[in-house]
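J.: First to last, the sequence lines map onto chains A and B.
Residues in the first sequence are numbered from 681 upward in steps of one, following the working numbering.
Residues in the second sequence are numbered from 21 upward in steps of one, following the working numbering.
Among the clues, some could well be false.
To be verified - Calculated lysine-lysine pairs in the BS3-like style (CA-CA distance at most 27 Å, straight line):
1. B/K249 - B/K259
2. B/K90 - B/K116
3. B/K65 - A/K868
4. B/K69 - A/K868
5. B/K69 - B/K90
Just so you know, these hints were derived from the structure itself, not from any lab.
Note that this is a predicted model, so its numbers are computed, not measured.
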Amino acid sequence: MTETQSSPDVLEPAAQVGSDGVALSPGLAGAGPLDAELAYEAGVEIKARSQWAYARMRFLRHKLAVVSLVVLVLIALVAVFAEQLAPYGFDEQNYEIINLSPTFEDKHLFGTDQLGRDYLSRVIFGLRTSLWVAFFVAVISTAIGTVVGSIAGYYGGVVDNLLMRFTDLILVLPLLAVLLAAANFFNKEGSPFKAAILIAILIWVVLARLLRSLFLSLREKEFVEAAKAAGASDFRIIVRHILPNCIGAIVVFMTLIVAGAILLEAALSFLGFGIQPPNAAIGKLISDGQQQGLETWWLVTFPGLVIALVALSINFIGDGLRDALDPTQRRVRA
Amino acid sequence: MLQFVIRRVLYSVVVLVAASFLVFFFVTASGDPLAGLRITPNVSKLTVKNIEERKHLNENVFVRYGYWAKDAVTNNFGTTLLTNEPILPDLWRVMKNTFQLLIAAQLLAVLFGVAIGVYSALRQYSVFDYSATTFSFLGIALPVFWIALMLQVAVVQIYLASGHRLFPVASLNDVDPGSGISFVIDRAHHLALPVLVLTIAGMATYSRYMRASMLEVVNSDYVRTARAKGLRESRVTMKHAFRNALIPIVTLVALDFGALMAGVVVTETVFSLDGMGLYFINALLTNDPYPVMAWLMIVATMVVVFNLVADIAYGLLDPRVRYD
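Go ahead and model the full structure; you've got the sequences and the hints to work with.
T.: This is the structure:
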């Protein structure tokens, strides 16, 4: 990855000099080294750029993605430091200020509900759970998906067959319905951990299938053959030679998973099958607000806006990452 | 072709049977469906015992699956757990309602999605294109239930401010909807907002795909050839580009059915419509595994059928595709 990005016509003549053992005069060795030497002597620094540097440059050029990244980092920081930053506690009631519409007074920016609980604080605590669940789902499903997808794609055979049959099973059942049923039967207490596990179990197959197809084409490439000829083990070929070529796809997938998991968890909690009190969840806050009647519009509007903002910025980041890491798959972007 | 279809159908049956067992296993293995009934004070032990015997609850999961499968095939998915009422009539009723909602929303979503996508592609980087892209990003990122709630909030706030109730925000009909044309108008009035919600969500996806597909086709060689032959621009766009760009959308719409059901579940819950989504949620809330099973299997069968339709349609529309 840290290899210099000098073009081949700069490197090759120099290599020939070495291998032939014949000292060629600079004039015969081609213009490349000469230019480089001249540049060096002139004191111009030639900077080596890694693939990562190029990726970073491409990402930074995608302004919307950069802005989204900043927004997301800020939101995540607020969520992580919920205890310190939230103006009130999650369950702090105050009967003197029930059903307060949004106001800057006393920091009730998102208003209060019928028990006088500050919705800004409740949303901040809910956000912490949502982001945690999304992060957890992304890590678990990426880990399982990568391992199973790599093995299925590289070896084929039994694992491949099992994976494909299993995904066929999962794909005929509508995801949200299965999640609802599973959550109803396995997660009655509404724990965020279990909700995350259930989502991850159903979602990893998408990545496994994607990686499998990438591996199927990459394993036939010359560099894999070369590695085999050099005596590399299967493990080394998978981890060192093929997987690095799939990083772009994996990272882009992870952003999609994070956004998808946040929306899924919100829908689950909203329907009453996700995360339940005493754990905070934004979806649950929205359904509480709805049950109170829609005259107190702020109780459903603001928590939803926050979820939408998070999902939107993750989508934009994913878009930027796709352009940065996977230039061949560049989505036509306006 | 026929061979392909037959093979796919046979394989799909196997997948459906396997899926039904898997779901049955998890839905039943996870606890006693009568737990709630047992602790209800005015329910006698005999009642509980009768239900246990009727539904063979004391057998192991394989035997119970056998009984369920027999019921599903020979007795229209059997009866509910507690009230022993037949499941299928209820399911037919809610399916009819849901399909009214779904078909209306899908027609609008495809129509507008395709139109917006094509126009965006033809006017790439125009103001219209940028607005359409922003809209579709929003449509994909916003939770569907929240879009539904926001429409309700708007209606309620307008009502509070002006006293006019623009749209009903719950149920499929008024208490007294009348009959004939007035019933249809009343139903349409009630379905307007739910249809709008599903249309927004579908449109966002379809316009995005249509735009990408159209851009790809517009820059292809045969479109250049068509122009080089001196065809009118409208003919190049409509005959040569548009028809080919539609192919991926046709399959996408057919394959999208499972995702569509997710939208239906949340939309029907928010608007309390007596459809499949609300039926499913209520079945879950009563802890009754039998309607849940029936629902999942019917939807899974529809997903399989739509997948097959997508594959066949793809072959019919695109002669380059070969079945093997």
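J.: Each hint: holds or not?
T.: Evaluation of the provided hints:
1. Distance restraint check for B/K249 and B/K259: the Cα-Cα separation of roughly 14 Å lies within the 27 Å cut-off, and the hinted pair is therefore satisfied.
2. Among the hinted pairs, B/K90 with B/K116 is consistent with the structure: their alpha-carbon atoms are about 26 Å apart, no more than 27 Å.
3. As the CA atoms of B/K65 and A/K868 are separated by approximately 25 Å, the hinted pair is consistent with the 27 Å bound.
4. Restraint check: the Cα-Cα separation between B/K69 and A/K868 comes to about 25 Å, which is no more than 27 Å; the hinted pair holds.
5. Only pairs whose Cα atoms come within 27 Å are accepted, and B/K69 paired with B/K90 is accepted, the gap being roughly 22 Å.
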